[in-house]
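K.L.:
One letter stands for each residue in the lines below.
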Amino acid sequence: MAPDGTPDLKVVGTRPIRPDGVDKVTGRAQFGADFQLPGQLVGKVLRSPHAHARIRSIDTSKAEAIPGVKAVMTAADLPEITSEEAFVGEGPADFKDMSDNTMARRKTLYDGHAVAAVAATSAAAADAAIAVDYEVLPHVIDVEDAMVEGAPVLHDDMFTSGLDPKPTTPSNVAKRMVFELGDVDAAFEKADIVIERKYKTAPVHQGYIEPHACVAQYAADGQVQIYCSSQGQFMVRAYVAKLLGIDISEIRVTPLEIGGGFGGKTLVYLEPLAVVLSRKSGRPVKMAMTREEVFRGSGPTSGGTVWVKIGAKRDGTIVAGDSVLKFQAGAYAGSPVGPGCMTAFAVYDLQDVRITGYDVVTNRPKVAAYRAPGAPISNFGVESAVDELAHKLGMDPVELRLKNAAKKGTKAAYGPTFGDIGCVETLEAVKDHPNYKVPLGPNQGRGVAAGFWFNIGGESSATVNINEDGTAVVATGNPDIGGSRASMAMMAAEVLGIDVERVRPIVADTSSVGYCFLTGGSRVTFATGMAVVEASKSVVNELKARAAKTWDIPVDAVEWQDGEAIPAGSNAGDFEPLSLEDLAAKSGRTGGPIAATSSLNAQGAGPGFGTHLVDVEVDRETGHVKVLRYLATQDAGRAIHPSYVEGQIQGGAVQGIGWALNEEYIYDDKGRLENPGFLDYRIPVASDLPMIDTVVIEVPNPRHPYGARGVGEVPIVPPMAAMANAIQDAIGIRLTELPMSPPKVRKAVDEQAAAEE
Amino acid sequence: MARIVLTHSACRQYTGGMAELESDATSIRGLVRDLEVRFPGLGRQVEESMAVAIDGVMHQDDLTAPIPEGAEVYLLPRIGGG
Amino acid sequence: MAKHHISTTINGEPVEFLCNTEQTMLDVLRDELHLTGTKEGCATGDCGACSITVDGRLVCSCLMLGVEAEGHAIQTIEGMADGDQLHPLQQKFLEYAALQCGICTPGFLVASRALLERNPNPTEEEARYWLAGNLCRCTGYDKIIRAVLDTAADMRGVS
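Protein chains in written order, with the numbering used here: chain A, 44 to 800; chain B, 24 to 105; chain C, 3 to 161.
So that you can see chain A by itself, here it is in the shape it has in the complex (with noise of 0.2 Å):
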């Protein structure tokens, strides 16, 4: 035992060679669109070019005719689905709209909707030309010109839920809601200094470097087989039978690798046409997005606009909070505005909080999850706020921070009384570090915003399976998108007590493992990675008792020590331990194969905080943002790999930078999307960065077996408001604005010179 009472771990911490990592150097390994099955044919979408439309009439017959097309199909191939309510990977949908958004049905409702498809043995033959009669409508892109009266109305039933008394007429207000603890007005009484300040944000893409593929089978007995990239099989399955009215027993997905998803592949766009196009076609039928698609057809996150206000004592102590949100959701309902709202003012011990949400349509391509989902957008707002606040106080930000910051037993700002949790040693990481001290020059500026997400666990299962020369296969219904196979082997190893080498972890089909919900929500490590622990505790339980009949004795007279059955004590008898090889090797003839299940419902993962600090150098001259330094710190509850936790902090750090200083869609008058492609949607580049400095702490999440919380969302957070704070110390000049490109940063310089002058 270490001192602090936690276990000894041989495995968990370490930083083995990840399993599926040679396939990954070499080429080997399979993602969406390397798999192909004999006979497939090529699937296209077509897509709508305008970004509100009627459709009057498609008329496919010229692409029927046309030598090597296949089958041709349009949303009147899919049932009519009734609207029904379904958590997807960031919050509630409805299959009615997710189905439309599959394929148009009446009207298109942004550019790049997919109206029809055509499956062909070419490529060249399956853009095959449909003709679409389209009566182009009025459409609405920004937010706030969304939820004027008299704006272009995306659909005639969508009356605004959370208003009394009902409205009656339609609007493109989904949802209002409004999340209240304490009494704010009363509390901004007792505040001597007020902040209060709007705030704006793009829509960033996911920009996931592998577009959406797969390949679909419909044999004649009706069984349909998928193979596909994706965040989760039994996601994908669920919602193919779902869309298309098949049960749920007649389909089989296979999830192939998955080149990066972040929240984007929680949910499918091209797998149900390529069923119906195969069924159609009586072929296998491989679909695979161009870049141009992925950003036209499939979701960014949520821009939107964030008010913020906040209330202080003079001595630092934040009393209250006031917000107000309206995350556009692209074309359907469901932006991340819940979460938005939840996750605002989490980082501070806050009783009087009131957050107003508005979800809100527009002629987008409908939003979808994004690390974190929502919270980068509020937070970017209240943390600006806060260092605001940090320099009319005279603080130092970080000292302000801590002075405000959630511990154990706070009653968090949305609610609950939080148990163990690390922001205020995120903080105090972030103090202690050298990057905190550094001098800067001329133009250069220090900011620094702290974050917060629950993450969540969920359903998960696992399998273990002995084989008889004494290793282990681990399989799991998870794909791995960042390491996960190297983490689950990690936690077997460590309570079968048998080296890392020896487990072989697998991301099944999902008619070879039991249901796992989705890879999200920072979910996997966390309770997949309990089911693990779990069924390799039921392992080690058979061993106990195959060594028991072995020797004889009682079972509980047995213990399972670094990988042997070893006598419990003097009194149970003297015998050699028996080995996992031993046991295993023998295993047919005490019983049979040592094989266990756990299939659970995880419970209680544990919140996570980060707080970043960077430093950037502006120049007046071209409103170029240079990242000099880059620090984030994390409670990762425990850090199984650390390597790979490291790499989930780096990467949601530099998506951050992203968001902050490039990321934007730019449409043009007619609400077509002028920018869909790498050249001109600039994620960060590795000239762009300087190294990622990490800290990552550890306060153990009690309701994890090791002590694990969900690491992958949290470092996206922090790093909009951080940069927008270094670039006010660097310049004095308070952007409020996302991104905070050149062109913004110039213009801003320019009207300080202005003013001054």
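Worth double-checking, as some hints may not be accurate.
Claimed, not checked - Reference excerpt, derived from the structure (chain B facing chain A, CB under 7 Å, subset only):
| # | residue |
| --- | --- |
| 1 | 31 |
| 2 | 32 |
| 3 | 79 |
| 4 | 82 |
| 5 | 102 |
| 6 | 104 |
| 7 | 105 |
Source of the hints: derived by calculation from the structure; they are not laboratory data.
Please read these numbers as outputs of a predicted model, since none were measured by experiment.
C-beta: ideal position from N, C-alpha, C; glycine also.
With chain A fixed as given, assemble chains B and C onto it according to the hints.
P.N.:
Showing chains B and C alone in chain A's frame:
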């Protein structure tokens, strides 16, 4: 007896704006039943769409979770993730 | 129109293939030769996932036509390891956890090898600029750059 706190308008719409109430329920399933009886629609809302934090620990889709005597229970919108 | 008959060398082996005029080298590699280690991330030369070398020069195979391979020596990720002996860059990427999802990894490895062949002792800045044409959305590049610089040091015999 547990203290039930409704922070969100999605729940308060069923209680006429009431933000706090008490319940004798000893599990989330019991709470769902109790709320449905007292505020028709609220029980279903909690079962389908809300997370339940019991003494600070978040539960989703977990009807069997016990609610201890004197517990502080928050009803929050469900959390997803990316 | 009839297909073109192309004779080339891929990963040291003589290879012949048929392709259409408009087919890119990326499509030839993936669809005709089933060398799917070379990835498509954009097909517009912006992401580097399809990096290969042609006579030692780093190119995006999505910007090259299949017919242009005639008579040249192509190297892809599949030719980087020597049997089961990984290239030092491949080994170092694993040790440094320089990949998360792994989709950009083949392109980074091919590009990094091209860098070290030209410049066995790159500075961090040189490595970052050389690899600026390869996009990674997962790692934030930190561990990739460290792996490349450490491989360079190892290959120079200092460490």
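K.L.:
Compare the structure with each hint and give your call.
P.N.:
The hints, checked one at a time:
no.: 1; hint: 31; result: 5 Å, holds
no.: 2; hint: 32; result: 4 Å, holds
no.: 3; hint: 79; result: 4 Å, holds
no.: 4; hint: 82; result: 5 Å, holds
no.: 5; hint: 102; result: 5 Å, holds
no.: 6; hint: 104; result: 2 Å, holds
no.: 7; hint: 105; result: 3 Å, holds
No hint from the list above goes unmet by this structure.
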